[in-house]
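Residue strings, one per chain:
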Amino acid sequence: MNINVRILTKSVAQQYAFKRIVTFSTKPTQQAAAAAVPQQQEVTGPTVRKPIVPAHYRFVYPEFLPDPKVEWRNAVREKLERLDMLDRRRQIELPEFYVGSILAVTSSDPHAAGKTSRFVGICIHRERCGLRARFILRNVIDHQGIEVVYELYDPTIQKVEVLRLEKRLDDSLFYLRDALPEFSTFDENMEAEPLEEGAPVPINDIKVVLRPRPWLERWERQNLLGVANIEQYIKDKHRKSAEKVQKPWEKYDLMKQYRATIPEEEQKEIFAEVHTELHTLELQRKRNKRKRTFVKPKHLA
Amino acid sequence: MLRTVLSDLARLRLNGSVCSVTQVREKGHLNRPRLRNPYWFIRQQRSQTDDQVTGENRSFIKEVIHDTYGTPALIKGVQTYEQKQLIKTNELPVPTEPWTPAVRRCGVIARKIGQYPLWLKNGERIRTTLLQVVDNHVIKYIPPEEYKPTQRPNVHNLNRYGCALVGAESTNPAQLTKEYCGIFRDSGVMPTKNLARFIVSPQAALAPGTPLNVGHFRVGEFVDVRGKTVYHGFQGVVKRHGFKGMPASHGVTKTHRRPGNIGGGGEKGRVWPGTKLPGHMGNRWRISKGLRIWRINTKYNVMWVQGSAVPGSTNGLVYIYDTILPLRKPQAAPPMPTLYEQPEDEAPDDIWYEQVHNFKDESITYKPE
Chain A
1 MNINVRILTK
11 SVAQQYAFKR
21 IVTFSTKPTQ
31 QAAAAAVPQQ
41 QEVTGPTVRK
51 PIVPAHYRFV
61 YPEFLPDPKV
71 EWRNAVREKL
81 ERLDMLDRRR
91 QIELPEFYVG
101 SILAVTSSDP
111 HAAGKTSRFV
121 GICIHRERCG
131 LRARFILRNV
141 IDHQGIEVVY
151 ELYDPTIQKV
161 EVLRLEKRLD
171 DSLFYLRDAL
181 PEFSTFDENM
191 EAEPLEEGAP
201 VPINDIKVVL
211 RPRPWLERWE
221 RQNLLGVANI
231 EQYIKDKHRK
241 SAEKVQKPWE
251 KYDLMKQYRA
261 TIPEEEQKEI
271 FAEVHTELHT
281 LELQRKRNKR
291 KRTFVKPKHL
301 A
Chain B
1 MLRTVLSDLA
11 RLRLNGSVCS
21 VTQVREKGHL
31 NRPRLRNPYW
41 FIRQQRSQTD
51 DQVTGENRSF
61 IKEVIHDTYG
71 TPALIKGVQT
81 YEQKQLIKTN
91 ELPVPTEPWT
101 PAVRRCGVIA
111 RKIGQYPLWL
121 KNGERIRTTL
131 LQVVDNHVIK
141 YIPPEEYKPT
151 QRPNVHNLNR
161 YGCALVGAES
171 TNPAQLTKEY
181 CGIFRDSGVM
191 PTKNLARFIV
201 SPQAALAPGT
211 PLNVGHFRVG
221 EFVDVRGKTV
231 YHGFQGVVKR
241 HGFKGMPASH
251 GVTKTHRRPG
261 NIGGGGEKGR
271 VWPGTKLPGH
281 MGNRWRISKG
291 LRIWRINTKY
301 NVMWVQGSAV
311 PGSTNGLVYI
321 YDTILPLRKP
331 QAAPPMPTLY
341 EQPEDEAPDD
351 IWYEQVHNFK
361 DESITYKPE
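For the protein sequence lines, the chains are A and B, in the order given. With the UniProt record's numbering applied, the first sequence corresponds to residues 1 to 301, in that order. With the UniProt record's numbering applied, the second sequence corresponds to residues 1 to 369, in that order.
Heads up, some of the hints might be wrong.
Incomplete in silico selection of chain B near chain A, CB under 8 Å [as the list claims (entries may be wrong)]:
1. Gln132
2. Asn315
3. Ser363
DEER-style ranges, computed between Cβ atoms [to be verified]:
4. Asn223/A x Ser59/B: 54 to 62 Å
5. Glu266/A x Ser249/B: 41 to 49 Å
6. Leu254/A x Gly236/B: 33 to 41 Å
7. Lys289/A x Gln85/B: 54 to 62 Å
8. Asp109/A x Trp285/B: 39 to 47 Å
9. Ala112/A x Ala309/B: 27 to 35 Å
10. Asn315/B x His56/A: 28 to 36 Å
11. Lys329/B x Arg259/A: 44 to 52 Å
12. Arg259/A x Gly282/B: 19 to 27 Å
Calculated directly from the structure, the hints in this document are not laboratory data. Here a beta-carbon is modelled for each residue, glycine too, at the ideal position from N, C-alpha and C.
The shape of chain A in the complex, shown without the other chains (with noise of 0.2 Å):
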């Protein structure tokens, strides 16, 4: 299975080669790091050491990277923004998370009863980095499409539960909003299925199935691996369309990846720096979780 999953990985990242490149700081580094995780397996000479940091970081805290536009960068302001994300990863849990995972954030609501919220949702997108990061849930509830904008370090969540662990075809979900309801309809009441510990985060290749026409988005111009049938609902006008605007040259564009992500150098200075920290929380975290989930055997007969 796990072999599996690789290859399936690999297939992804070809295909997300093909992608325009988003302005978000990991995005196209993604496929080299999935290209670059078995390599550093294989070779195991004594020269080579074992970097302190984790590759995965990048993946799993995408907002502590910088904006990587240059000219709104300044290493005074990043430490101070990383010393209060840390501040606040203290008091709360903000576990890992990707788009297409299934959350339930609790937050304190001055209007609700109880002066709690509780909202369960599927990640359709996830933006910004900072203390500004921010993900949007959502849900249908009664036949009504409902979309929350959580920010991750907004002092009034309370808590943040992962409920199914997964990724999925794509960058962002919006066209969840043009699919069909089943697609974005989720129990309120859902049980955690937790992941087994150190098992690759799943992929979810289900394919969504999109209302007719008219759509919020062009979506037959985004080259969505996660839409079944675009093809039922456009005509050539919107295929030859689609075709104009097709950038199939930007993925040689090494400039404008440069400039789209934090170099590799910078990353690991980043995460050097908030490694420790994170790191004993998550230790914290695991060792509380399974304190509370023993429980002890009663004494029979």
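Keeping the supplied structure of chain A fixed, place chain B upon it in accordance with the hints.
Showing chain B alone in chain A's frame:
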């Protein structure tokens, strides 16, 4: 020159009796420039020519600089020099005159280093801009009697305020002109990249060499921030004034982003002054006034200020003053003339305003009624 003019005039009068014509090719009065720049407006950078200085000499120059001003050091997040020759802050005279609301204190030079949100204790999100006070030192104080501003103040303010010259960001004096370095000689401060003058009351006078830190301001108070706005170049009315433009289709030709009509006819048949038209956008000095300080970090000399519309680009220079808005002036006395930081006293790194949520605190919850 005056003398020559007078003698010419005298000659005119003399010769007038003889009825011969002498041409005077001067205006007959002295032509003084109206505006005179202050003496510190001089060329800063020396022309960088290859001076045929040997490597040994270069290292000698470096050594001299280190001997006089100290070695390079990272102080409060800013790359500078440890200036040990400066007067110790605990030796500075304690001001005797009390603070009154009419006193004008010195300001500071800062850099806008970015912006990020903070949350209030009631759960409200606020946008803040981070301003870092960069290695400020007072270079000179000119008392009111000696200070001659370029524009003569009105009678009410005549000889009322002095001027404090403040420098920020020490730099290598070997790259600066001799004249520019001369400004700093008496204070003993290392020559700085940036200079600013602040109009101060004599009660708030500062001794040369005094460092200015973020402790000059207090959390919860209001400041005015002056900066040069981002330059956009020559822009049309849609970007410059937010005009709507005209539709892209429906028979519109060649007027999609044009201003349209700019004036009436008849009696008002001209373009009225102040009409919004295309032109240069940005690159102007602007002051955003009455911004609250939400939080202060004394370790990095950073203050978090209300709003994300502080003029200037990120990493650009801004000048911070006590606010002039009458209703937001401080009620209690601020540090006068500034806060002298003692190395021994242990101030907390982060000072939060009482309304702001500290990230080290627990999540915000509301009490049920």
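Structure-based check of each hint:
Evaluation of the Gln132/B hint against chain A yields a held restraint, the C-beta minimum of about 6 Å falling below 8 Å. Nearest Cβ of chain A to the Cβ of Asn315/B: about 6 Å, under the 8 Å cut. The hint holds. The beta carbon of Ser363/B is positioned within 8 Å of a beta carbon in chain A (closest approach about 5 Å), and the interface hint is therefore held. Remark: the range hint 54 to 62 Å for Asn223/A to Ser59/B is upheld by a beta-carbon distance near 60 Å.
Between Glu266/A and Ser249/B, the C-beta spacing of about 46 Å keeps the proposed range 41 to 49 Å intact. A beta carbon spacing of about 34 Å between Leu254/A and Gly236/B agrees with the range 33 to 41 Å that was offered as a hint. Checked against the given bound of 54 to 62 Å, the beta carbons of Lys289/A and Gln85/B, roughly 58 Å apart, stay inside it. The hinted window of 39 to 47 Å between Asp109/A and Trp285/B holds, with their beta carbons roughly 44 Å apart.
Here the CB-CB span from Ala112/A to Ala309/B is close to 33 Å, well matched to the stated 27 to 35 Å. Asn315/B and His56/A have their C-beta atoms about 32 Å apart, which keeps the hinted 28 to 36 Å range intact. Between Lys329/B and Arg259/A the beta carbon distance is about 46 Å. The supplied range of 44 to 52 Å therefore holds. Evaluation of the 19 to 27 Å hint for Arg259/A and Gly282/B yields a pass: the beta carbon distance comes to about 24 Å.
Violated hints: none; the structure is consistent with every hint.
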